[in-house]
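J.: Below are the chains, spelled out letter by letter.
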Amino acid sequence: MAVDAELARAWATGFAAAVAAHKDELTKLDQAIGDGDHGSNLDRGMQAALAKLAGDTAADVLKGVGRTLISTVGGASGPLYGTVFREAAKALGDAPDDAAFAAALRAGLDGVRRLGGAVEGDKTMVDAWVPALDALDGALGEGLGPAAAKAAAAARAGAEATIPLQARKGRASYLGPRSVGHQDPGATSTALLFEALAAVA
Amino acid sequence: MVGLVLVSHSATLAAGLVELITQLAPDVTVRTAAGTEDGRIGTSPDAVEVALRAADGGDGVVVIPDLGSAVLSVRVALEDLDADRYVLVDAPFVEGAVSAAVTAGTGADLAEVVGAAREARDIPKF
Chain A
1 MAVDAELARA WATGFAAAVA AHKDELTKLD QAIGDGDHGS NLDRGMQAAL
51 AKLAGDTAAD VLKGVGRTLI STVGGASGPL YGTVFREAAK ALGDAPDDAA
101 FAAALRAGLD GVRRLGGAVE GDKTMVDAWV PALDALDGAL GEGLGPAAAK
151 AAAAARAGAE ATIPLQARKG RASYLGPRSV GHQDPGATST ALLFEALAAV
201 A
Chain B
1001 MVGLVLVSHS ATLAAGLVEL ITQLAPDVTV RTAAGTEDGR IGTSPDAVEV
1051 ALRAADGGDG VVVIPDLGSA VLSVRVALED LDADRYVLVD APFVEGAVSA
1101 AVTAGTGADL AEVVGAAREA RDIPKF
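Sequence lines, in order, name chains A and B. The working numbering numbers the first residue of the first sequence as 1 and each following residue consecutively. The working numbering numbers the first residue of the second sequence as 1001 and each following residue consecutively.
Keep in mind the hints are simulated off the structure, nothing from the lab. Being a predicted model, the structure only gives us computed values, none of them experimental. For every residue, glycine included, the Cβ atom is placed at its ideal position computed from N, Cα and C. Careful, some of the hints might be misleading.
Stated by the list, open to error - Example chain B residues on the side facing chain A (calculated, C-beta under 7 angstroms, incomplete): (1) Gly1042; (2) Gly1068; (3) Ser1069; (4) Arg1075; (5) Leu1078.
To be verified - Sample of chain B residues lacking proximity to chain A, with all beta carbon distances greater than 10 angstroms (derived): (6) Leu1013; (7) Gly1058; (8) Asp1122.
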């Protein structure tokens, strides 16, 4: 499968739609253990990104999404998701194949980890990203479509697995033990991201 | 003289701190990057970059964030600027900014101002 601008646009569009559809759910999760703005912030950012999806390559499109998120979101997810897309775009090159795409997503994850300093178990988006990329890498031989489906399932499971964790990063970390029992909003939106990829890949 | 940038989720919070600092260290250049561009609570890497350039008198700039995502916005801005003379300090917003401003006002260099801001973490209120 060619990882081209059309795929990137379809992915970004699907993600924006999913975030809009789940905005209230994300907000509720963030109200429980954050400052309550994850849903509206990410929705605002992705809606703005929809207007900036022009580009000839997947890298161009993802770079645009990253830049828009960084400039418009205002909360932590702006720099975090923005960096994912920007770093992935940087690593992508002009005509990537499936393996190059997976490697670029890994570069995106590395960028997020460097920026925010989160490790697995901190109850953040990283807890969904790591299993998603491991599943993607493991199933790439089956083609991007099936691999993305496995990544989406792994991301969803990773998000649910954040429920019993105590937050060690972000606004939720100020809550300490009271963050236990709630699903992390950033991990949840990560599941939406990979589900959107699976829908178009 | 070392400059100061205050990065806050709240424009009014940052403005209040600037008022305080202006009383204590009137000669120091202080700029803020606070609230989003459309006036909401939040931080903006673009605004941080503007503030850094405005506060940069050539001797470096110390950056004091209020909460977590302010740190992220600063880090994103600094990645694009690639300048050693802009230093993000893990210091309490008010106390760190005050220590930094007062120290900068004495003509101290970047390392000393950074050190003063960092030490503010350990200064008890009473």
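J.: A separate judgement is required for each hint: does it hold in the structure or not?
T.: Evaluated hints:
Interface restraint check for Gly1042 (chain B): the shortest CB-CB distance to chain A comes to about 3 angstroms, inside 7 angstroms, so the restraint holds. Checking Gly1068 (chain B) against chain A: minimum C-beta separation of about 6 angstroms stays under 7 angstroms; hint holds. For Ser1069 (chain B), the interface hint holds, since its Cβ comes within 7 angstroms of a Cβ in chain A; the closest pair sits about 4 angstroms apart. Of the supplied interface hints, the one on Arg1075 (chain B) holds, with its beta-carbon coming within about 6 angstroms of a beta-carbon of chain A, less than 7 angstroms.
Among the interface hints, the one on Leu1078 (chain B) is violated; its C-beta lies about 11 angstroms from the nearest C-beta in chain A, farther than the 7 angstroms criterion. No Cβ of chain A approaches the Cβ of Leu1013 (chain B) within 10 angstroms, the least distance being about 14 angstroms, so the stated non-interface status holds. For Gly1058 (chain B), the condition that its CB be more than 10 angstroms from all CB atoms of chain A holds, with the nearest at approximately 28 angstroms. For Asp1122 (chain B), the requirement that its beta carbon stay farther than 10 angstroms from each beta carbon of chain A is met, with the minimum near 20 angstroms.
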